Amino acid sequence: MSWIREITCQVKGWRAARARWRADMERFKVEQRAARKSGKWPENPGPPPTGFALLPWLLMGMGSFSNLLQGETPNPWIGGLGLFTFNSLYIYVTFRSFVKEAREARSTKVALVLMGLVTCGLALGYGGSWLYFFPLLGLATGAVLRGPRVGQIGLGLTALAAAVSIFRAGWDAVNVAYGTFLSTMVTAAILSLSEAVRELRAAREELARRAVEKERLRFSRDLHDLLGHTLSVIVVKSEAARRLAPRDLDAALTQITDIESVGRQALTEIREAVTGYREGSLTTELDRARSALSAASVDPVVRQSGAPLTPQNEALLGWVVREAVTNVVRHSGATRCEITVEGVPNGQVRLTVTDDGTGTGAPATGPAEGIGGTGLKGLTERLAAAGGSLRAGPSPRGGFTVTAELPLEAADLAPSSVAMAPREP
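Using our numbering, read the sequence shown as starting at 1 and increasing by one per residue.
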């Protein structure tokens, strides 16, 4: 009784496929009506094809069915059983041909071979209208075999149809061979093109979704780096102004003026980050780093040497300076911070930020490879995408060190050397 359960499951599957096809057709009709009203054709050309699109071609076998009903076919029970078997195999093969996994399954190929044997047997036994099963066989073959070998298989099937047709009906039936070749190649071409279009549309939608996710991640990183550094500078300078106000009002006013300047610059940077046109400058970030460190009573020592950097490298290293200095101000408890930018022999530029604090310099306390904190993790991903690397961890002599390396893609200019001495807070 297992074969009865298999047939029942197959019928249920066909009913479910028919329900999905009807739903897709209704959706397509709704989109067409909306397109006619708006004057804009919908992007989706229609519902995905299913086996129902190939069922009407079974009408080509109506001549054989008519011969059976009129008693013009010898051994009608054999003919009727052959017609039922052919139609069943045709429906089974065509419905499975629209699902890639089912189409490539061995059971589908076996059913197609059995369909070919039944077609040859009926055509050789009866001839006449039974020869038109060859074009149906070609249609099913083209639906299943859509690879580069479909041309060879189509020619072989055409030769078989021609030989059987000539044997049963003479040269007048050669048009059956032409119909077999045409149905095989046209079906394979149309279904392959339709599948390729739908795969390309799905790939385009996936690329658009990934682009949105990438832009969202970029914006979140920029916002974190901008606000984290800016708010840390504002807090440090506010504390400095509070300490200086009782004994040195002018120095306190200077810190307050710096707070105002930092706030205005942060607003500008946030607007630029939102529009996606912000390009960081390493020199600007080094100047800001000196100001922030001085306000936090940390002696800044900044050294920059080597060839000029590309805008992309300057922007990336500027982010590293911003994040590392923010961590020094907030977590390290250091009294001195050294920032070094230099070229290295392996064709890269290296940025090193080292402090002498007793803290970690970052929210996490893992080893050099275990970079913690949202900012450092985001910077690690950015530098890796540009072919660089970022390492952070405790220094052998105490304190914390952040080291960033990027491929040097600078113009062939004379090296420049700039040394910036510590500035008194």
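Heads up, a few of these hints could be off.
[Unchecked claim] With a Cα cut of at most 27 Å, we get these calculated DSSO-like pairs of lysine-lysine:
1) Lys100 x Lys37
2) Lys214 x Lys109
3) Lys100 x Lys214
4) Lys12 x Lys29
[Stated by the list, open to error] Label pairs and their calculated CB-CB ranges:
5) Ser220 x Gly387: 51 to 57 Å
6) Arg198 x Gly387: 32 to 38 Å
7) Leu267 x Arg218: 15 to 21 Å
8) Val212 x Gly387: 22 to 28 Å
9) Ala102 x Leu207: 26 to 32 Å
10) Leu267 x Leu207: 32 to 38 Å
No wet-lab data here; the hints were simulated from the structure. Model, not experiment: these values are computed from the prediction. A virtual CB, placed ideally from N, CA and C, is assigned to each residue, including glycine.
Hint check results:
| no. | hint | result |
| --- | --- | --- |
| 1 | Lys100 x Lys37 | violated, 36 Å |
| 2 | Lys214 x Lys109 | violated, 43 Å |
| 3 | Lys100 x Lys214 | violated, 31 Å |
| 4 | Lys12 x Lys29 | holds, 26 Å |
| 5 | Ser220 x Gly387: 51 to 57 Å | violated, 23 Å |
| 6 | Arg198 x Gly387: 32 to 38 Å | holds, 36 Å |
| 7 | Leu267 x Arg218: 15 to 21 Å | holds, 20 Å |
| 8 | Val212 x Gly387: 22 to 28 Å | holds, 25 Å |
| 9 | Ala102 x Leu207: 26 to 32 Å | holds, 28 Å |
| 10 | Leu267 x Leu207: 32 to 38 Å | holds, 34 Å |
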